[in-house]
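Enquirer: Those protein sequences? They're chains L and R, same order as listed. First residue of the first sequence: 33, per this note's numbering; consecutive thereafter. First residue of the second sequence: 33, per this note's numbering; consecutive thereafter.
Worth flagging that the hints you see were computed from the coordinates, not collected in a lab. Errors might be hidden in some of the hints.
What the hints assert, rightly or not - No farther apart than 20 Å at their CA atoms in a straight line, the calculated lysine to any residue pairs in the SDA-like style are these:
(1) 83(L) x 74(R)
(2) 83(R) x 67(L)
(3) 55(L) x 41(L)
(4) 55(R) x 41(L)
(5) 83(L) x 108(L)
(6) 83(R) x 146(R)
Number of protein chains: 2
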Amino acid sequence: MKSAPPIDRLVSALRRLPGIGEKSATRLAFFLLGAPNTLVHELAEAISRLKTEIILCEICFDLTDASPCPICSSSQRDATLVCVVEEPADLAAVERSQRFAGRYHVLGGVLSPIDGVGPEDLRIDQLVQRVQRDGVVEVILATNPTAEGDATARFISDRLSGTDVQMTRIAYGLPLGGDLEYADHATIGLSLENRRGMD
Amino acid sequence: MKSAPPIDRLVSALRRLPGIGEKSATRLAFFLLGAPNTLVHELAEAISRLKTEIILCEICFDLTDASPCPICSSSQRDATLVCVVEEPADLAAVERSQRFAGRYHVLGGVLSPIDGVGPEDLRIDQLVQRVQRDGVVEVILATNPTAEGDATARFISDRLSGTDVQMTRIAYGLPLGGDLEYADHATIGLSLENRRGMD
Numbered sequence: 033m034k035s036a037p038p039i040d041r042l043v044s045a046l047r048r049l050p051g052i053g054e055k056s057a058t059r060l061a062f063f064l065l066g067a068p069n070t071l072v073h074e075l076a077e078a079i080s081r082l083k084t085e086i087i088l089c090e091i092c093f094d095l096t097d098a099s100p101c102p103i104c105s106s107s108q109r110d111a112t113l114v115c116v117v118e119e120p121a122d123l124a125a126v127e128r129s130q131r132f133a134g135r136y137h138v139l140g141g142v143l144s145p146i147d148g149v150g151p152e153d154l155r156i157d158q159l160v161q162r163v164q165r166d167g168v169v170e171v172i173l174a175t176n177p178t179a180e181g182d183a184t185a186r187f188i189s190d191r192l193s194g195t196d197v198q199m200t201r202i203a204y205g206l207p208l209g210g211d212l213e214y215a216d217h218a219t220i221g222l223s224l225e226n227r228r229g230m231d
Numbered sequence: 033m034k035s036a037p038p039i040d041r042l043v044s045a046l047r048r049l050p051g052i053g054e055k056s057a058t059r060l061a062f063f064l065l066g067a068p069n070t071l072v073h074e075l076a077e078a079i080s081r082l083k084t085e086i087i088l089c090e091i092c093f094d095l096t097d098a099s100p101c102p103i104c105s106s107s108q109r110d111a112t113l114v115c116v117v118e119e120p121a122d123l124a125a126v127e128r129s130q131r132f133a134g135r136y137h138v139l140g141g142v143l144s145p146i147d148g149v150g151p152e153d154l155r156i157d158q159l160v161q162r163v164q165r166d167g168v169v170e171v172i173l174a175t176n177p178t179a180e181g182d183a184t185a186r187f188i189s190d191r192l193s194g195t196d197v198q199m200t201r202i203a204y205g206l207p208l209g210g211d212l213e214y215a216d217h218a219t220i221g222l223s224l225e226n227r228r229g230m231d
């Protein structure tokens, strides 16, 4: 015999989220049962509106509810400095560090022959066009410090080698094999400051 | 500059849940962005329907979507054996152990003079009536092994001392100061089997 169906249904749905097992799911469900209606309503609303309201920015390919996104539209952000990241979650992590005043380019992944991901699957052509069109002075390659992230950074560096743009790679302040998405603010800030030229 | 408003809104809502900080909330939000629509829809639906569909069982005071609840309605469950717990989450924990074939009584808390919780704030009168009315043979006091849980068990035992009902307390297989809600199945099962008479 289990809990009432509405509780079981929520526990099942929560268990499908990453890092949430049966006990955490049950604890969250009972917390929500006792929580104020406004919180529960806000959460349900935020989840159900998430997918319908989110589109890709036509310039940087970040997730946004209006294209161009607020960063690409902002005159406060240096359009000649572009930070290239793998995924929107990486962009969010760099933003949280509050140490970067330029703009972004989201690749949508990383080169990975094993998974069948080639250059044509990433937004590399769009980056090259953007660099040529918008007078970008520096491209910071902030792909993750993994074999695939390094290979992708090197590939992009080669693709842009005929242009005047300066290519830099974020410093290896990040732990090797780590993931930008889970790094702390200070480490991300440091690795931006210590970025070095691509050789 | 933050993520798009729909993402920020979800991260804010998720951060108000217990055990979920900014990084977990962000990770969950980006997971949901990439997850199948059906999963996202099911989760939003389960959360929003939770509060409207859940009521209290008129017999045991567990959370349910139909009163009497499935356990109180089931002929498979021994009505003469009643396990008294503090909260619905504790009942769910005992159920998960699959070692108990009786019925339950949810007190709705525990005696706590410091928090101003007296016997009249718990469903103790309803338990006494139930014992007298339904020919209950044994009451297992499964309040948590804390000072308040023990005091509450003792209080209930005193209240029922004039009746024929046998009073037992779950064994201290649970770690002292612990909480039923977070105990593992085996420990809960063991503590039910090793229950002893109230002296």
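Enquirer: Mind checking the alpha carbons of residue 55(R) and residue 41(L) for me, to see if they're no more than 20 Å apart?
Expert: violated (26 Å)
Enquirer: Between residue 83(L) and residue 74(R), does the CA-CA distance stay at or below 20 Å?
Expert: At roughly 13 Å apart (the allowed maximum being 20 Å), residue 74(R) and residue 83(L) satisfy the hint.
Enquirer: For residue 55(L) and residue 41(L), compute the direct alpha-carbon distance and say whether it is at most 20 Å.
Expert: holds (14 Å)
Enquirer: Does residue 108(L) lie within 20 Å of residue 83(L) when you go C-alpha to C-alpha?
Expert: Violated: residue 83(L) and residue 108(L) sit about 28 Å apart, past 20 Å.
Enquirer: Just to be careful, I want the Cα atoms of residue 83(R) and residue 67(L) compared with a cutoff of 20 Å; is the pair within it?
Expert: Holds: residue 83(R) and residue 67(L) sit about 9 Å apart, inside 20 Å.
Enquirer: Next pair to validate is residue 83(R) with residue 146(R); report whether the Cα-Cα distance is within 20 Å.
Expert: Status violated; Cα separation ~30 Å.
Hints 4, 5, 6 from the earlier list are contradicted by this structure; the remaining hints agree with it.
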